[in-house]
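Asker: Starting from the known structure of chain Y, arrange chains W and L on it as the hints suggest.
First to last, the sequence lines map onto chains Y, W and L.
Number 211 in the numbering used here belongs to position 211 of the first sequence; there are no gaps in the numbering.
Number 65 in the numbering used here belongs to position 65 of the second sequence; there are no gaps in the numbering.
Number 4 in the numbering used here belongs to position 4 of the third sequence; there are no gaps in the numbering.
The hints are simulated quantities; they were obtained by calculation from the structure and are not laboratory data.
Check before you lean on any hint, since a few could be wrong.
Covered stretches of chain L (in silico footprint by chain Y; criterion: 3 or more residues with CB under 8 angstroms from a CB of chain Y, positions within the stretch not fixed) [stated by the list, open to error]:
hint, region
1, 21-29
2, 73-87
3, 98-109
Just so you know, even glycine gets a beta-carbon here, dropped at the ideal spot from N, CA and C.
One letter stands for each residue in the lines below.
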Amino acid sequence: MKNYLIIFFLVSISVSPQTTSFDFYSPENIKKFADHLFCEADYLRAIEQYGLISKDCTTDFKVMLGYSLLNLYQESNEIFKSISEKSKFYSDAYLLSLKNSLLMKPASVSAQAIKSFDSIQLNSFNKLKTISMLFDDELSISKDKFISPFDENDINTVSLFYDMKTKPLYKSPALAGVMSAVIPGSGKMYVGEWGDGITAFLATGLLAFLAYDNFRADHTTRAWIFTGLGTFFYAGNIYGSIASAQIFNAKINFEFNEGLKLFLEQKNYFLPEYDFCK
Amino acid sequence: MTSVSKIFFILFFILNVSYRTLAQNSFEHQFNFANELYAKGKYFDAVTELKRLLFFDVTGKFSYEANKIIGLSYKQGAKFSDAIHYFSLAELNADSEEEVYEARIEAIKINILRRTTERTLALLDELRNDERYSDKSDELNYWTGWAYIFSDKWEKASISFSAIVPGHGLALLCDSLADDLYNPTLAKTLSLIPGAGQFYTGEYISGLISIGWNVLWGYLTINAFMEDRIFDGLVIGTLLWWRFYSGNIQNAEKFAVEKNLEKTNNALQYLKNNYDGEKP
Amino acid sequence: MQSKLLIFLLSVLFISSAFCQIEKLKWQKADILYEKQNHYNKRNYSFESDNAGEFVTKSLANAYWFFISDVDGDNCPFHPTCSAFLIQSIKETNIFQASLIFLDRFTRDMNLVKSQNQYPRVRTGYFYDPPGNYMLVKERIIYLPPVFIVESE
Numbered sequence: 001m002k003n004y005l006i007i008f009f010l011v012s013i014s015v016s017p018q019t020t021s022f023d024f025y026s027p028e029n030i031k032k033f034a035d036h037l038f039c040e041a042d043y044l045r046a047i048e049q050y051g052l053i054s055k056d057c058t059t060d061f062k063v064m065l066g067y068s069l070l071n072l073y074q075e076s077n078e079i080f081k082s083i084s085e086k087s088k089f090y091s092d093a094y095l096l097s098l099k100n101s102l103l104m105k106p107a108s109v110s111a112q113a114i115k116s117f118d119s120i121q122l123n124s125f126n127k128l129k130t131i132s133m134l135f136d137d138e139l140s141i142s143k144d145k146f147i148s149p150f151d152e153n154d155i156n157t158v159s160l161f162y163d164m165k166t167k168p169l170y171k172s173p174a175l176a177g178v179m180s181a182v183i184p185g186s187g188k189m190y191v192g193e194w195g196d197g198i199t200a201f202l203a204t205g206l207l208a209f210l211a212y213d214n215f216r217a218d219h220t221t222r223a224w225i226f227t228g229l230g231t232f233f234y235a236g237n238i239y240g241s242i243a244s245a246q247i248f249n250a251k252i253n254f255e256f257n258e259g260l261k262l263f264l265e266q267k268n269y270f271l272p273e274y275d276f277c278k
Numbered sequence: 001m002t003s004v005s006k007i008f009f010i011l012f013f014i015l016n017v018s019y020r021t022l023a024q025n026s027f028e029h030q031f032n033f034a035n036e037l038y039a040k041g042k043y044f045d046a047v048t049e050l051k052r053l054l055f056f057d058v059t060g061k062f063s064y065e066a067n068k069i070i071g072l073s074y075k076q077g078a079k080f081s082d083a084i085h086y087f088s089l090a091e092l093n094a095d096s097e098e099e100v101y102e103a104r105i106e107a108i109k110i111n112i113l114r115r116t117t118e119r120t121l122a123l124l125d126e127l128r129n130d131e132r133y134s135d136k137s138d139e140l141n142y143w144t145g146w147a148y149i150f151s152d153k154w155e156k157a158s159i160s161f162s163a164i165v166p167g168h169g170l171a172l173l174c175d176s177l178a179d180d181l182y183n184p185t186l187a188k189t190l191s192l193i194p195g196a197g198q199f200y201t202g203e204y205i206s207g208l209i210s211i212g213w214n215v216l217w218g219y220l221t222i223n224a225f226m227e228d229r230i231f232d233g234l235v236i237g238t239l240l241w242w243r244f245y246s247g248n249i250q251n252a253e254k255f256a257v258e259k260n261l262e263k264t265n266n267a268l269q270y271l272k273n274n275y276d277g278e279k280p
Numbered sequence: 001m002q003s004k005l006l007i008f009l010l011s012v013l014f015i016s017s018a019f020c021q022i023e024k025l026k027w028q029k030a031d032i033l034y035e036k037q038n039h040y041n042k043r044n045y046s047f048e049s050d051n052a053g054e055f056v057t058k059s060l061a062n063a064y065w066f067f068i069s070d071v072d073g074d075n076c077p078f079h080p081t082c083s084a085f086l087i088q089s090i091k092e093t094n095i096f097q098a099s100l101i102f103l104d105r106f107t108r109d110m111n112l113v114k115s116q117n118q119y120p121r122v123r124t125g126y127f128y129d130p131p132g133n134y135m136l137v138k139e140r141i142i143y144l145p146p147v148f149i150v151e152s153e
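One chain only, chain Y, in its complex shape (with noise of 0.2 angstroms):
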């Protein structure tokens, strides 16, 4: 009987319903899920579900790698200061942190280049460097020193925006206001609103039209209302026509300021692409 009793026994633990006792909260299945919710570009739960686990250099960057695609570039640095200069993924990790710090203020990089990066990133590297100079509001680099660390699809662009920094085309707000003041609406116009610049020039001239043909018909008073209005108007003009060359002036800045984010943004600051998801 006792021989049954442990026959019995064995069989039944070794046919424990293993698939159906399920430890969801193991360091291997946390890991696992954490792993997809990242694949699934859901990364805040998947860092929350990293904090749950014991760190490693993968866990650590992965981590560093979500607070940055979800835009929270602080938090990102953050995580960069606890990863160690022996990770595997310490270069990969001071590269994004430059990422980081260039999008949440735009400067020339002054970061140096470490002695464990490979050839690529090396490459990464002094392609980010050499662009971020365009955030600085002078440039002290030649053309070809600047074009230099780049692929050849990439510079006919990256030549642009060196052009468009060093000869900007910029309007001078002084030429608009003196050229309003010779032909009222000329300003304007120079500075590409023709529109504006016509109908400154028709209010100010019918204005003085009839402030002459006033006088000569010896209205006197109405001739003085109308003189009174024409200076306003032409003192208003040559005003707005100075404000429009400053606002074009921004205009052109801005431009070149979100031209040069969309290229980054599309080059991915030029970092190598990581795929933890194969």
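Answerer: Same frame as chain Y, but now just chains W and L:
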């Protein structure tokens, strides 16, 4: 066998069976845990736990329920497109006609809330024309009514509710509101007589000011023409009289629309906070 | 042993502070409003001002709004409206500069062929044209492309 070994055998048998039953329910346990989080209002966490369940549930036993509750959680966070996405996943994983219907109704409710009326009505029509749900016409009329409420069509809403039962509470509310609203087209037409449109919408001071200006410029224009000062007459007529005349029409319409908006918003607020029936 | 305890405590702190951050970022229950948004411009009829000059201007503006502007229809395609534009300019500069800015705005309003590609818009469809762009101070200019819709106004 000895009595000790008998006891041992029985105990062990009981333990084994209960262990198996408990272990079998670890997925159930996870599902219940997620539901508890939803009930407590921790919607983000509820979604996380349900996604965890779905990831490991290879049998797909929980696919419908979990996706549905994820959709409901996103709805609570006002993340409507995510909610709809998960309701469609729920529908794809539905095991019965009833479940398909439930998932579709949830999607319809989201469409009502985000005011995509055309889509809502199309979805409702689809269900109406589906033979499987021929017994659901009352419920479909109910949600059609709500769709019209959210798109400002109070008379149509009233008709939909009345189709469920004449004298339905919501039908009465819609009717009384529709009667109370101003008609912007009427306001504009009345304004052909300056001030009349504004009086209609209850803005008496504005109406009087409009009448004043229109009389003044009208008099000056006609006077100028009668005195043969054609140019002056044209200038006053077009630059001043026309401006104030068309202004009075525009004004009356604006008052009608603004006051209607206030009344409908009050009704909507009442429905949100005080109405006890089912809401989207 | 002590250092192990320290490391354990620090890691708990780190993990919990990481959690706190995530707690802040997680979305919460939202109050779903049934009411429709009211986009209509409400006039600011207040008489508040910093000095006598401003008080006079504001009173004149209020009178203009009440008797004339509110009844002559919607004639200004800009936001802020020309009168509000003038008030704001006077607040920020002086009456002389403000009148120049205003005259320029008036001229631009008279432009019958105002291009669709000149000004960004606000949600209600008016052209967004803040007085800050016309103070002749480069740093104050907020340029927005014409396709842009300003949500905050």
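Asker: Hint by hint, note whether the structure agrees.
Answerer: Right, here's what the structure says about each hint:
Figure legend: the region 21-29 of chain L, annotated as covered by chain Y; annotation consistent (4 residues with Cβ-Cβ distances under 8 angstroms, at least 3 required). Only when three residues or more bring their CB closer than 8 angstroms to a CB of chain Y does the claim for the region 73-87 of chain L stand; here the count is 0, and the claim is violated. As drawn, the region 98-109 of chain L meets chain Y at 9 residues by the rule of a beta-carbon pair under 8 angstroms; at three or more, the given contact holds.
In the structure shown, a violation is registered for the earlier hint numbered 2 alone.
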